[in-house]
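Protein chains: 2
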Amino acid sequence: VGEQRRKLGIIGGMGPEATVYFMHRVIELTPATRDQDHIDMLVSNHVSIPDRSAFIRGQASESPLEDLLADARMLAEQGCEVLAIPCNTSHVFYDTIAQAVDAQVLNIVDESLAACKARGAQKVGVLATWGTLITDIYGSRAKELGVACQYPRPTIQEAVNEAIYDYVKAGKPVPDEMLVGFYDGMAAMGCDAVVLGCTELSVAHAALSGEVRAAYPFVVDSLEALAAACVRECA
Amino acid sequence: VGEQRRKLGIIGGMGPEATVYFMHRVIELTPATRDQDHIDMLVSNHVSIPDRSAFIRGQASESPLEDLLADARMLAEQGCEVLAIPCNTSHVFYDTIAQAVDAQVLNIVDESLAACKARGAQKVGVLATWGTLITDIYGSRAKELGVACQYPRPTIQEAVNEAIYDYVKAGKPVPDEMLVGFYDGMAAMGCDAVVLGCTELSVAHAALSGEVRAAYPFVVDSLEALAAACVRECA
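Chains A and B, in that order, are what the protein sequence lines are.
Here the working numbering is used: the first residue of the first sequence is 1, the next is one more, and so on.
Here the working numbering is used: the first residue of the second sequence is 1, the next is one more, and so on.
Read the hints as simulated data drawn from the structure, not as lab findings.
Accuracy of the hints is not assured; some may be wrong.
Repeated chains share a single entry, so a pair holds when one copy, or any two copies, can fit it.
[Stated by the list, open to error] Below, in silico cross-link-like pairs of lysine to aspartate or glutamate (EDC-like), each with a Cα-Cα straight-line distance of 16 Å or less:
| hint | residue 1 | residue 2 |
| --- | --- | --- |
| 1 | K117 | D95 |
| 2 | K7 | D67 |
| 3 | K172 | D37 |
| 4 | K117 | E177 |
| 5 | K123 | D184 |
| 6 | K7 | D102 |
| 7 | K143 | E62 |
These numbers were taken from a predicted model, which means no experiment stands behind them.
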């Protein structure tokens, strides 16, 4: 309080509920007793950005990159010194975005894997979109950190993608047994940490009862890791 | 879907939780089955704007007007055709802001009173900050609509202000009996509608159980009225 805070820019809308939940977590993690103690944010809830995973899979021809770059530049021009992108799949473009702007761009993959490593994890299961899997953004970073990375088998991965697109993005609650089934499956494959590597899964996980969440302490939420990094860098 | 949607600009951060809850309600009220069906938003979660009510009461010398105008102009320049300000107290500056930009600026007071009138209310109780009461922005609009406007007695008003500043803005839950006591008090004064005329009270009201909320169907939430107007104008 009283110190200089850095303005946070958020490239969001991928999807919109995840962006809102992300802002909520940044606000909750910031020590504050009045409005002015919080972090100033400028948030592009840019829902019309072309679908990231569909583009990577070759199911759609329109690239999201131009919109991502335009938002990053606009936010930096409006005084944001730190940028966050609460969408894992977009991070295949991380280097291009980070090089394009005069601002610190946080990396959700690095923050999530660092959180896993801080817990002593040796084999990290990753639940994410097909786009995030195909580009192996978790696997390549994990290798650098000396952590093993495990993706689900293709049939399970199809179900994970369905939870993201046909449930969360469609505004429907993900059934508890579906989500918990993913966690159990990764544990059975020997994972000692499971990353929610898609912010739509963070929204679904937050909707579980506190009791169910407590039964899965090995779940590491990428949205939570990024929110904590924002508070660390801005507040 | 497929039609042209208008980009929504939000002058927010007053307070931050109210802005997040407001975005959440706009998203929930928008018919959508994928990200791209939603409304593009640019959100200034501008928490460092000087306190509105303190300025109006003469307790602080710094005016919030310059920041509000700068945000409105920036959002309009960035392509927002519709602007919303999820903060009732700020609406004392409504005319100045609306005249300063080439965009449609929604008015939370008008939307809330229209919702009261649509329900056939004849005497509207207003729960708001001291700043909103002193400037009588609800009373003057209500008179034009032919609706009576009732404010709480000063001792109760002091408690309403305390719920806003010492509870919601301080990150503490408002006790149920405090909030419900305000509603009962306005009913006892003959009000057939009670407007939550401060978006911090909307956050507190949303935290009540569904059962308690159902017992007070005469409560009209200004944040909800403004969110519905955004969907009406943008989607």
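Hint by hint, here is what the structure shows:
no. : hint        : result
1   : K117 / D95  : neither (22 Å within a copy, 54 Å between copies)
2   : K7 / D67    : between (21 Å within a copy, 15 Å between copies)
3   : K172 / D37  : between (35 Å within a copy, 15 Å between copies)
4   : K117 / E177 : neither (28 Å within a copy, 45 Å between copies)
5   : K123 / D184 : within (14 Å within a copy, 57 Å between copies)
6   : K7 / D102   : within (13 Å within a copy, 26 Å between copies)
7   : K143 / E62  : neither (31 Å within a copy, 53 Å between copies)
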